[in-house]
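Visitor: Protein sequences, first through last, are from chains A and B. FYI, our numbering numbers position 75 of the first sequence as 75, with every residue one higher than the one before it. FYI, our numbering numbers position 178 of the second sequence as 178, with every residue one higher than the one before it.
These aren't lab readings, by the way, just hints derived from the structure by calculation. Note that this is a predicted model, so its numbers are computed, not measured. Honestly, I wouldn't trust all of these hints.
Output of the computed footprint for chain A on chain B, the stretches with three or more beta carbons under 8 Å from beta carbons of chain A [stated by the list, open to error]:
1. 34–40
2. 67–79
3. 133–145
4. 148–161
5. 183–189
Taking lysine-lysine and the BS3-like style, the derived pairs with C-alpha atoms no more than 25 Å apart in a straight line are [claimed, not checked]:
6. K68/B with K9/B
7. K56/B with K68/B
8. K78/A with K60/B
9. K9/B with K60/B
10. K56/B with K78/A
11. K78/A with K9/B
12. K56/B with K9/B
Beta carbons are placed, not taken as given, at the ideal position from N, Cα and C, and that holds for glycine.
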Amino acid sequence: MAITKSITCRDAVALVSDYLDGGLTWRARRRLERHLADCGACTAYLEQMRVTVATAGTLTEDDLPDDVLNGLLDVFQKFHADPNAAS
Amino acid sequence: MDDEVLVAKMVAGDADAFRQLVARYHSTLVRVARYYVNSEATAEDVAQDTWIAVIKGAEKFEGRSSFKTWLLRILVNRARRTGTREHRQIPTNPVDPVQAQRFDEQGMWREPPQPFTEVVEGRLANAATLAAVRAAIAALPEPQQAVVTLRDVEGLSTEEVSELLELSVANVRVILHRGRAKVRDAVESSVRGGATWQ
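This is chain B alone, in the form it adopts within the complex (with noise of 0.2 Å):
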């Protein structure tokens, strides 16, 4: 169901239209939450304290913006308020060390990587995959979950990610390249790993 539809319900005192929208939202709004305060639980207030805001103050929402956009960006005021944490200095360099080691002096692959062709035959495209890229992105550090998660599973584009987050596009794009290249690391691994046992 739209998440405008259930917002309506939601407006109109529908229970189960909230339950499905916190369950759909409350991981990223821990997440990206998480980049501005300095520990678990309290990104977890924060989200909670959103959802808060969110029942009190629904029928505020005007629709200009996505629902989506609308509870993000009170998250982000609410974490930013909250936030103590120091921001620290963002890469420039788009190749991490973990990631150059990969290669060799000439700048060529060390070990090829392999075609996903099990992913991609949907032989693979399953429970296990997605359980490693769902651990991948939990795992990464800030500001890389946060970024991963708004513009990769909630589809923000990288504008839309740059303007809530109030960082560049251009960081918002070296951010981002690092944290899909650990997401992609751990899908290989995944990958290989189900090769080797099937």
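Okay, chain A solo, but in the shape it has when bound (with noise of 0.2 Å):
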């Protein structure tokens, strides 16, 4: 079997987030890990995009102009008031 290349800390933060994506061949993913297991610098990297990513993922309701919101609202009614009459 090939000897792992190790890699350095900038090659492995360009891997995270296909990392996290399950993106890599499986050799990048195990050159990865090996360098990550060495490495806590890296591995907190990693742990911050996670939770990133995590935070990013609950993100629900922005604020919304009123004017928006009752505008579209107001096409709702008067489609459901009179589904022909639509503009």
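Two independent chains are provided; combine them into the complex using the hints.
Guide: Structure representation (structure tokens):
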């Protein structure tokens, strides 16, 4: 079996997002995991990325301007009052 | 409440169900539209036109895909027809220049990242972190904003994002990497700021 070439922190960081997505080849994944096993800084980076992605996934409603919402609700009400009269 | 439940209520004329769907997805629609059109105002118009199409065509939604996917397809089709933006060259190198400065000639960290202990332990997993992530995503350039919104906020798979935006999976991954790195930077700044003042 070929010896897995070691990678730098810069290389490792470039792989982190794909790693979380399951997008690495097994070879790249192994290189990254070996690096992470010895590197606290890159492990912290990976963890930070995990937290960031998880936090993004909890974002729900944004503030919506009232005029946008009211304008759309107006169209909705009119359509349901008389679907054929839809502009 | 599930999207599908809200859609059923909406088709039956429930305005509050419609309002909830708009509140849930409007900002995502604007961000994704922004990838195709030249201005924020046009993106807003495309998003609003999409909702009007939904009002008039909701009964055509058959539930073969999720409501989210159906909605995003309507948006992308409209945005594409409206869009005049010339897509810039998609970067192929995942490490952007700003990121590269964090490493020395040997590729080692100049200043190693500190764990987000406060966030992980729930002490800072609060409004401030959420606000930092929200603001960072809103500040991303396109196509990063559309890709991060679809993949990480809305939870579409990388393949779904690739199909929707007609980008290769490899391109989606590169764009995602760059966008996530910037959002992470913003969370780091927010955590540091919080730690200093608490």
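Visitor: Each hint should be assessed against the structure and marked as holding or not.
Guide: Now for the hints, and whether the structure bears them out:
1. Coverage of the stretch 34–40 of chain B by chain A is violated [criterion: at least 3 residues with CB-CB distance below 8 Å; count 0].
2. Restraint check on the stretch 67–79 of chain B versus chain A: 0 residues with Cβ-Cβ distances below 8 Å, three needed, restraint violated.
3. Chain A is given as covering the stretch 133–145 of chain B, and this holds because 3 residues of the stretch bring a CB closer than 8 Å to a CB of that chain, at least three being needed.
4. With 5 residues bearing a CB less than 8 Å from a CB of chain A, the stretch 148–161 of chain B meets the requirement of three and the coverage assertion stands.
5. Counting residues of the stretch 183–189 of chain B whose CB lies closer than 8 Å to any CB of chain A gives 4, which reaches the minimum of 3, so the coverage claim holds.
6. This hinted pair checks out: K68/B and K9/B have alpha carbons roughly 16 Å apart, not beyond 25 Å.
7. With a C-alpha separation of about 17 Å, the suggested pair K56/B and K68/B falls inside the 25 Å cut-off, and the hint holds.
8. Proximity of K78/A to K60/B is assessed by CA-CA distance (about 19 Å); at most 25 Å being required, the pair is judged to hold.
9. Our distance criterion of 25 Å between C-alpha atoms is met by K9/B and K60/B, whose separation comes to about 14 Å.
10. In summary, the hint linking K56/B to K78/A is supported, as the alpha carbons are separated by about 11 Å, within the 25 Å threshold.
11. At most 25 Å may separate the alpha-carbon atoms for a hinted pair to count; K78/A and K9/B meet this at roughly 16 Å.
12. Simply put, K56/B and K9/B have alpha-carbon atoms about 14 Å apart, close enough for the 25 Å limit, and the pair holds.
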